[in-house]
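In the working numbering, the protein residues as written are 632 to 1223.
Any given hint could turn out to be false.
Unchecked claim - Capping the alpha-carbon separation at 27 Å, the derived lysine-lysine pairs in DSSO-like fashion look like this:
{"#": "1", "residue 1": "Lys941", "residue 2": "Lys889"}
{"#": "2", "residue 1": "Lys802", "residue 2": "Lys1142"}
{"#": "3", "residue 1": "Lys1007", "residue 2": "Lys982"}
{"#": "4", "residue 1": "Lys988", "residue 2": "Lys937"}
{"#": "5", "residue 1": "Lys1075", "residue 2": "Lys1152"}
{"#": "6", "residue 1": "Lys982", "residue 2": "Lys1000"}
{"#": "7", "residue 1": "Lys909", "residue 2": "Lys1074"}
{"#": "8", "residue 1": "Lys941", "residue 2": "Lys1007"}
{"#": "9", "residue 1": "Lys988", "residue 2": "Lys1007"}
{"#": "10", "residue 1": "Lys1087", "residue 2": "Lys1142"}
{"#": "11", "residue 1": "Lys982", "residue 2": "Lys909"}
{"#": "12", "residue 1": "Lys977", "residue 2": "Lys941"}
{"#": "13", "residue 1": "Lys802", "residue 2": "Lys1134"}
Said to hold, decoys possible - Cβ-Cβ distance ranges computed for the label pairs, FRET-style:
{"#": "14", "residue 1": "Gly640", "residue 2": "Glu685", "range": "25 to 35 Å"}
{"#": "15", "residue 1": "Ser945", "residue 2": "Ile969", "range": "18 to 28 Å"}
{"#": "16", "residue 1": "His790", "residue 2": "Glu1141", "range": "37 to 47 Å"}
{"#": "17", "residue 1": "Glu1141", "residue 2": "Asn752", "range": "48 to 58 Å"}
For the record, the hints were derived by calculation from the structure and aren't laboratory data. As the structure is a prediction and not an experimental result, all values here were calculated from the model. Cβ atoms here follow ideal geometry from the backbone N, Cα and C, with glycine treated the same way.
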Amino acid sequence: MHYRDCSCGALRSSDISRHVTLSGWIAARRDHGGVIFIDLRDRDGITQVVFRPELHPIAATAAHTLRCEDVVTLSGQVVARLPGTENKELSTGEVELVASELVILNRSEVPPFPMEERIENEDLRLKYRYLDLRRPEMTGNIRLRHRVTKIIRDDLDEHGFWEIETPILFKSTPEGARDFLVPARLVPGSFYALPQAPQQYKQLLMVSGMDRYFQIARCFRDEDLRADRQPEFTQVDIEASFTSREEIFALIETMFQKVFRAARCVEIQTPFLRLTYKEAMNRFGSDKPDMRFGMEIEDVGAIFEKTQFKVFQSALDSGGVIKALNAKGFASVTTGQIETLTEVAKNAGAKGLAFIKIENGEWKSPIVKFFSEEEKQALAAQLNIEEGDLILFGADTWETSCTALGRVRLRVAELQKIPIDREQLAFLWVIDMPLLAYSAEEKKWNAVHHPFTRPKAEDQALLDAGKFGEVRAEAYDIVLNGMELGGGSLRIHENELQTQIFKALGIDPEKQEELFGHLLKAFRYGAPPHGGIALGLDRLISLLAYESSIRDVIAFPKNNRGMELMTGAPSPADPKDLRVLSIASTVKIASQ
RNA sequence: GGAGUCGUAGCUCAAUUGGUUAGAGCACCGCCCUGUCACGGCGGGGGUUGCGGGUUCGAGUCCCGUCGACUCCGCCA
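Could you build all of it, start to finish, from the sequences and the hints given here?
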């Protein structure tokens, strides 16, 4: 059986008079009783096929029975369309195929949803994902993903990186996200963990002298899901020896130039803007600021040094700060919206959200009566206050004030419907992240990035002195339009320093040996300085495809509860299988 | 674990203040139709309004519960 000479998106006027064979799916039929038109679709496009009963009666009779999504092979002559009937919407719109032969390979039942339009019912799409992926929009996303991945592979290859696979069955570690566990049949009572990232293996590859490694790596984290979070997702994982932050930045910037050139036909400006973590928090209240609009946060503590307003005074007295945000032209805010914004601030840990509306030349606010004339003037000058503005305050610890106003800033932009050009690309490196953060809940210090991140050399003294909160890391995140696209760091390659960090994290020497002995030992056998980065491939592709959910750029994603609706995974295990694995379920299943 | 939005035909949606037999477009089935590309015309089938309970003379609509989806917070080294 000869199925095809070319795809359904290939024929042009230069092919006129050729006799060709095509295979594909019936996308549409327009049956006029006599002449019949069929749109034949495959992943590359659509070709119009015409059945003419006076020329090919057998094929035409059979064509009356065709229905959407039937799979067929067609042969015939390529002809120019009649003048005036060309279709500019189609790449093949100049020509059509006059079918002389039709073979029906597989009939389709009536599909549960149409292939042409956008479908709202995501459950249904996921249940029939193989049909959903036939929709040109989804086919386009999958094609884009392939192309971008190939560009990344080629680019890294050109830069001397080797693609190396690392194990999927790994070891459970206490730090970080919840692990997916896999029972080890051959070692009863023991479990593998699926890797949250290939972090330790890639560092060990550097010790091996592999020098430059990358992997399009599947990562697994058993945490709650979001529009941009799946339990398994893909990272472009990169590590290099004898490298520097500048080298990593240049590598990624060049790669993104190629990616955006191919996917968006745009030239992005490099080098990307850089902000320290501290500056990002101070100005935007976020470690992944959306720089597509202004509305920056200001520190107004100096103005209120001698304030009569108790809330401000007590914030300052306890070592905190007073931050303010000018929502330009938003004095029209409704009471309900103020409530919403207050809720947002409270969710971020603030005790409340003070505000001033400037309307009819008057400062309307429950707190303004506590302000002196000098304070008002200074505030007006620093925040450039004008008629119609809305001023919002955060008075708390530095971190809480920044975070609260950062979230308020995003919500205000949403409420104000600040217009954002969907082509706009605000790239940013956030650098000098803190190395450690104290968890009040666990009463211990945790790694902000991961425990293998190198502290900045100039902060070594702070680390030695136990001032963990002040130590900065050789870590960096790449941020685009308020979305974290990836992050990385220079790593620790010295046994002593790594031991010191583990100790700071509250991991005693015995536990260190048990959990990370392999790494500590490797660092005693000539470990090169190294560093790297990991990019979230799903997020990058969804951004390139203008999709708001990464589910739309993953062939077979899981829903909010981690279920894959097409196959029904996860599903109960047979008790016999569990016995072989030496495990028992604590859940009773009704049917058993 | 918490908050919000939603759930009506295969799909996308409508249904006034609680009021007749829950409608429309597309899809589907039948007949007709020789240049369409949202083909057209005539006719037809299709509903446990997610599920359970309550209020009421009467519930798609109001109340309570429950299930599910999505978005956000927590969580995500």
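**Message:** Hinted pair, alpha-carbon criterion (27 Å max): Lys982, Lys909. Please report holds or violated.
**Reply:** Roughly 22 Å separates the two Cα atoms, so the pair holds.
**Agreement of Lys988 and Lys1007 with the hint, judged by alpha carbon distance not exceeding 27 Å** = holds, 13 Å
**Prompt:** Holds or violated: are the alpha carbons of Lys941 and Lys1007 at most 27 Å from each other?
**Reply:** holds, 16 Å
**Prompt:** CB of His790 to CB of Glu1141, is that within 37 to 47 Å?
**Reply:** holds, 41 Å
**Item:** Holds or violated: Lys941 to Lys889, with C-alpha atoms at most 27 Å apart
**Value:** violated, 55 Å
**Message:** Between the alpha carbons of Lys802 and Lys1134, is the straight-line distance 27 Å or under?
**Reply:** holds, 21 Å
**Request:** Note whether the CB distance of Ser945 and Ile969 lies within 18 to 28 Å or breaks it.
**Result:** Because 23 Å falls inside the window, the suggested range holds.
**Item:** Hinted pair Lys1007 and Lys982, Cα distance within 27 Å
**Value:** It holds: about 23 Å lies between the C-alpha atoms, which stays within 27 Å.
**Prompt:** Is Lys982 within 27 Å of Lys1000, Cα to Cα?
**Reply:** With Cα atoms ~20 Å apart, Lys982 and Lys1000 stay inside 27 Å; holds.
**Asked** Are Glu1141 and Asn752 spaced within 48 to 58 Å by their CB atoms?
**Response** Since the Cβ atoms of Glu1141 and Asn752 sit about 54 Å apart, the hinted range of 48 to 58 Å holds.
**Message:** Against the range 25 to 35 Å, how does the distance between the Cβ atoms of Gly640 and Glu685 compare: consistent or not?
**Reply:** The hint (25 to 35 Å, Cβ to Cβ) holds, given that Gly640 and Glu685 are roughly 29 Å apart.
**Asked** Under the criterion that the straight-line Cα-Cα distance not exceed 27 Å, is the pair Lys977, Lys941 satisfied?
**Response** Answer holds: Lys977 to Lys941 is near 19 Å, not above 27 Å.
When held up to the earlier numbered hints, the structure conflicts with hint 1 and nothing else.
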